[in-house]
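Residues per chain, in single letters:
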Amino acid sequence: GEEVAQTPKHLVRGEGQKAKLYCAPIKGHSYVFWYQQVLKNEFKFLISFQNENVFDETGMPKERFSAKCLPNSPCSLEIQATKLEDSAVYFCASSQSIGQGGNEQFFGPGTRLTVL
Amino acid sequence: GQSLEQPSEVTAVEGAIVQINCTYQTSGFYGLSWYQQHDGGAPTFLSYNGLDGLEETGRFSSFLSRSDSYGYLLLQELQMKDSASYFCAALVYGGSQGNLIFGKGTKLSVKP
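Same order as they appear, the protein sequences are chains A and B.
Using our numbering, you'd call the opening residue of the first sequence number 1 and step up by one each time.
Using our numbering, you'd call the opening residue of the second sequence number 1 and step up by one each time.
Please keep in mind that the hints were generated in silico from the structure rather than gathered at the bench.
From a predicted model like this one, the values you see are computed outputs, not experimental measurements.
Incorrect hints may appear among the rest.
Counterexamples of contact, computed for chain B against chain A with all Cβ distances above 10 Å [claimed, not checked]: (1) ALA12; (2) LEU74; (3) ILE101.
Here are the simulated lysine-lysine pairs, DSS-like style, with alpha carbons at most 27 Å apart [to be verified]: (4) A:LYS62 with B:LYS104; (5) B:LYS107 with A:LYS9; (6) B:LYS104 with A:LYS44; (7) B:LYS104 with A:LYS83; (8) A:LYS40 with B:LYS104; (9) A:LYS27 with A:LYS83; (10) A:LYS20 with A:LYS44; (11) A:LYS9 with B:LYS104; (12) A:LYS44 with A:LYS68; (13) A:LYS40 with B:LYS81; (14) B:LYS107 with A:LYS18.
The beta carbon of each residue, even a glycine, is placed where N, CA and C say it ideally should be.
With the rest of the complex left out, here is chain A (with noise of 0.2 Å):
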């Protein structure tokens, strides 16, 4: 699509519960990006994709997240046995490269998690 689509758009867990959340990047584009937001501030990098291959994990809380971007199947982010401090607003973004022309990320609407 023209659009980074993510779903679902609002998600309640309680803690200690699992969360998954989806992303379809624009069609054509190779990198994908995830970022929290915690209460409109900055984003925080999790991890990108170049096609199903994860890019750069550095900033991947590894012991509750996880992620896969697979073949013809929308790319996913994971938390495994919630926190309160997840609750944020999760985006998804997509670019044809990174480091060349046409390195600009397109953001998805973002999903917005909160923790109970």
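Assemble chain B onto chain A, guided by the hints.
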């Protein structure tokens, strides 16, 4: 650590010009991007500077000086709809890195 500094709030009147500064301290710096975000919605790309100098796109211009680790976004002929948060973001690339590191955002309020 990796960080970008920008003012937290700026206020200006319609029709005026405003400049939002950004200084950065990052490893693997490749270029500087600017994004606009309205009320927590999807950030939208405004501009990217890969080289030193000025990039102009309509009412918006962006500048980068690598030697000073500094950039700015210039908004001209301000309109009410420009009220939003503006984020500078460093593209870091190389080795195992490939992502944007964001500043904390500057909330711009445009008054009539």
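The hints, checked one at a time:
no.: 1; hint: ALA12; result: 20 Å, holds
no.: 2; hint: LEU74; result: 19 Å, holds
no.: 3; hint: ILE101; result: 7 Å, violated
no.: 4; hint: A:LYS62 with B:LYS104; result: 24 Å, holds
no.: 5; hint: B:LYS107 with A:LYS9; result: 24 Å, holds
no.: 6; hint: B:LYS104 with A:LYS44; result: 10 Å, holds
no.: 7; hint: B:LYS104 with A:LYS83; result: 23 Å, holds
no.: 8; hint: A:LYS40 with B:LYS104; result: 9 Å, holds
no.: 9; hint: A:LYS27 with A:LYS83; result: 33 Å, violated
no.: 10; hint: A:LYS20 with A:LYS44; result: 18 Å, holds
no.: 11; hint: A:LYS9 with B:LYS104; result: 24 Å, holds
no.: 12; hint: A:LYS44 with A:LYS68; result: 18 Å, holds
no.: 13; hint: A:LYS40 with B:LYS81; result: 18 Å, holds
no.: 14; hint: B:LYS107 with A:LYS18; result: 34 Å, violated
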